[in-house]
Amino acid sequence: MAGIGFELRKLLARNTLGGVLQAYAYAGMIGSGPWVLSIIGILLVGVLASGIVVPPSLVTQFQTTVTYLIAFSLILTGGLQLAFTRYVSDRLFEQRDELVLPNLHGVLGLTLAGAAALSTLALATLFEGVSFAYRVLVVMAFTELAGVWVLAVLLSGLKRYKAIVLLFAVAYSLVVGLAYALAPFGLEGLLAAFALGQLVLLGGMWWTVARAYPSPRSVSYHCLRRRTFYPSLLVTGTLYNLAVWADKFLFWAWPETSEPVIGPLRGSLIYDLPVFLAYLSIVPGMAVFLVRIETDFAEYYDKFFTAVREGASLEYIQDMRDEMVYAVRQGLGEIAKIQFIAVLATFVAGPSLLALLGISGLYLPLLQIQVVGASLQVMLLAILNVLFYLDRRRIVVALTAIFLLANTLFTVLTLKLGAPFYGYGFAIALLTTVALGLILLDRKLDRLEYETFMFQ
Amino acid sequence: MRADITLLLEGTYPFVSGGVSSWVHQIIRAFPEWRFHLVFLGSRREDYGPMRYELPSNVAGLETHYLFEPEAPPPLEVLEPSPQVMAEVEALHTSFLAGVPPAQAMARMASMYPTLLQGDHLTREHFLRSRAAWETICSRYKRFCTDPSFVDYFWTVRIMHAPLWKLAAIARNLPASRVYHTISTGYAGFLGALAKAHHRRPLILSEHGIYTKERKIDLLQAQWIKDNRNVFQRDPTEVSYYRSLWIRFFEWLGRACYEAAQPIIALYEANRQRQIQDGANPARTRLIPNGVNLARFAPLRAQRSTRVPPVLCLIGRVVPIKDVKTFIRAMRRVVNVLPEAEGWIAGPEDEDPGYAQECRNLVASLGLTEKVRFLGFQKVDELLPKIGLTVLSSISEALPLVILEGYAAGVPTLATDVGSCRQLVEGLTPEDRALGPSGAIVGIADPTALADAALALLTDEARWQAASRAAIARVETYYADQMMFDAYRKVYSEAMERG
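Sequence order for the protein chains is G and F.
full-length UniProt numbering numbers the first residue of the first sequence as 1 and each following residue consecutively.
full-length UniProt numbering numbers the first residue of the second sequence as 1 and each following residue consecutively.
One chain only, chain G, in its complex shape (with noise of 0.2 Å):
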């Protein structure tokens, strides 16, 4: 989320409340906008549809098959998106800016075909029972997410957040008035909207991009070539999103906390829903995270590599060391204050909210441990972005490695141990990778100067 910073900081420069919240709005708006509108306007078409299509779990059936499809396709790009924006934003520095659309197309291009390819294998072989069209829509829907993953990681790289937030806008607001009309069709009808919704996201993106650097060439694959490409950033996101959807995964597939829903795949009744609003209580959190690390701690970063290049004293070299771990404190420090109130929230309102979205009590426990896990998360998303900054690529490696490590772990043994225990399996994964990074981002701010120029 490089580049952030500068409309963050004129916001707070002004110095004002009003100032503040704005910038804090906007972060929010931006950090979390674009899954924030997936989900309300998957729960959306849930609430619209429910009367129209016949039976309701034609409902469940659609809901299911799109988080599956949204879980694999974000693994599935997770490695590409953080290497190919390591590209990208490489080469804006060298102002090489005639080398992203070219070089998008053939990552695109790699990415569409792999995705239709083998969702195209998975639906001919393991999808026995379903239509036709819902295999061909689901192909095509799971096609496309994989671009629009692609597309929006490159379009934040490139600093175009607004238009990001703005696409999901019309996407998802399309994909609800879609689902709207062609509800009576049935499953198939609302697999349509979601699949009409995602073409003109993944269209509107790329016209964004296209516009904005145009090329004289068509398509390049120079970004794969080795000198260009880091594969630990492959491993990185791939490992990221797996340890993210780990825990999910073992609940669908955990014969006593899941049943059927279409085909082979499986939902979770009692812990799909709370996962859902868990998520929703990180926006306070990811907004405080995208200000103080894009703001504080970005000044800091670039003053410390200013002084270290353009020959300052020591100590002040060492007074921007200090600074920047200041700004990291303090960023993870409010992001811990900031989701402690949200997991407070949830406690004090957490009954009347589900009772008003009519969803039953059983659910309070989980949905309470689950937003503290979801808070831990925002803390490890801090964490690893302060050390891409610091271009810590092993340590990265290892920690979102753990990270999966752990919850698969921790997850497994809490559905060994029973209901009481769901969820702890997540958050005690994180809390554990939180700790870890946490003591060693603290080792390599320690040994910065050292590093910065012993290790050259």
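Misleading hints may appear alongside valid ones.
Derived CB-CB ranges, DEER-like [stated by the list, open to error]:
{"hint": "1", "chain 1": "F", "residue 1": "Glu351", "chain 2": "G", "residue 2": "Tyr221", "range": "45 to 53 Å"}
{"hint": "2", "chain 1": "G", "residue 1": "Asp322", "chain 2": "F", "residue 2": "Pro83", "range": "25 to 33 Å"}
{"hint": "3", "chain 1": "G", "residue 1": "Thr228", "chain 2": "F", "residue 2": "Gly18", "range": "45 to 53 Å"}
Simulated from the structure, these hints should not be mistaken for lab results.
Quantities reported herein were computed from a predicted structural model and do not represent experimental measurements.
Heads up, the beta-carbon is just placed ideally off N, CA and C, and yes, glycines get one too.
Place chain F on chain G using the hints.
Here is chain F on its own, set in the frame of chain G:
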């Protein structure tokens, strides 16, 4: 293979031609009974062309090392050096500070040699990567550096120390030799000190110029050394911190060599005094001037015409240190009085093409294109019979062979008062002085004096003949190569026996 004498050569023989290299070649050929091993130290491989000399058959081996060639970086994480070693390093650096008696610093330095030579207690990896080295660099920067830029301090320290490990490795791996002989102080001289400490064989030092002084001049002019002080921080009388750091570094390298070497040989008295001033023990210093091959030059005397040719010849590279421009300006005045006079400049112009062009422009603007000729590189044997005077307008010289070669051929000289020139023209000892002047000495950058002195010699036949006779007598009495060889034979033999 075992060698009798190992020569330590920094940036000269056999890859760079010039006075020092010819001298080395001369020495090796003078002692066919001894086997020589050559160690050439250069900056980077690409800075040198092919060999300029055919190695005599008694050269047993030649090894080349490039001190500033990039090396493979060590692994990022390394074992830390022991605290005792770091304490020694700290104590050594502290003893280099002003106010500590040099003898004490030298003792500390010598006590570090085994640590450095052993190659595992204090390695290049430790220096480049260890936390302890980092902390030492930081704390010394905070205590002593008066320049604000830490990154420049950091790299200055790194670049300064990096060759020391290469030198230690070279010293360790040198083939056994009865004597080590370095032709300068500096890195080669320090290598000599390390070689002596490791192999326990004597070290001889012959200095042609004064390395430390020349380095100082280079460093004071060097553009690459940064000075980051701003207008308010800068005191114009104070040399930039990094310059003075480099100067001190070479001063200490020089001291290390003087401390280890015996004898310490200078070409002429002024340089011997300079060595003493820079820390050499007077009792170990000696004078052995350069010598020329009389048998080669004496026959040239017969080739001369009876009349003195009104030709002034500057033999040397066309570079600023030779101050060719003063010679050209003097020629204007000479030609005004003596229209048939000519000025020749015999030497390569490729070292500083910009300066060479300026000299040509000056010739043109003084209207001397018919009178001053650029001959390029010439064989002295062919040149000397045709000229009336060798001229050296240099602003710095050591003991110029050109003067001695001219003497041997019967040509007097006209030189500036630099290096040993006055000694060569007027004589050093009373007996030497009794031979009479073999030319004339003028101040530097004084074209009028140069012209007047030239005219006085060229227009007064008797005076020129007296100078020519004095020149021949002087070179035959004091500067015959055979005398130099005898002196070195004695130096080598004594050192070999001393063991």
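Comparing the hints with the structure gives:
1. F:Glu351 x G:Tyr221: 45 to 53 Å: Holds - the Cβ-Cβ distance for glutamate 351 of chain F and tyrosine 221 of chain G, about 50 Å, lies within 45 to 53 Å.
2. G:Asp322 x F:Pro83: 25 to 33 Å: 27 Å, holds
3. G:Thr228 x F:Gly18: 45 to 53 Å: 48 Å, holds
No hint from the list above goes unmet by this structure.
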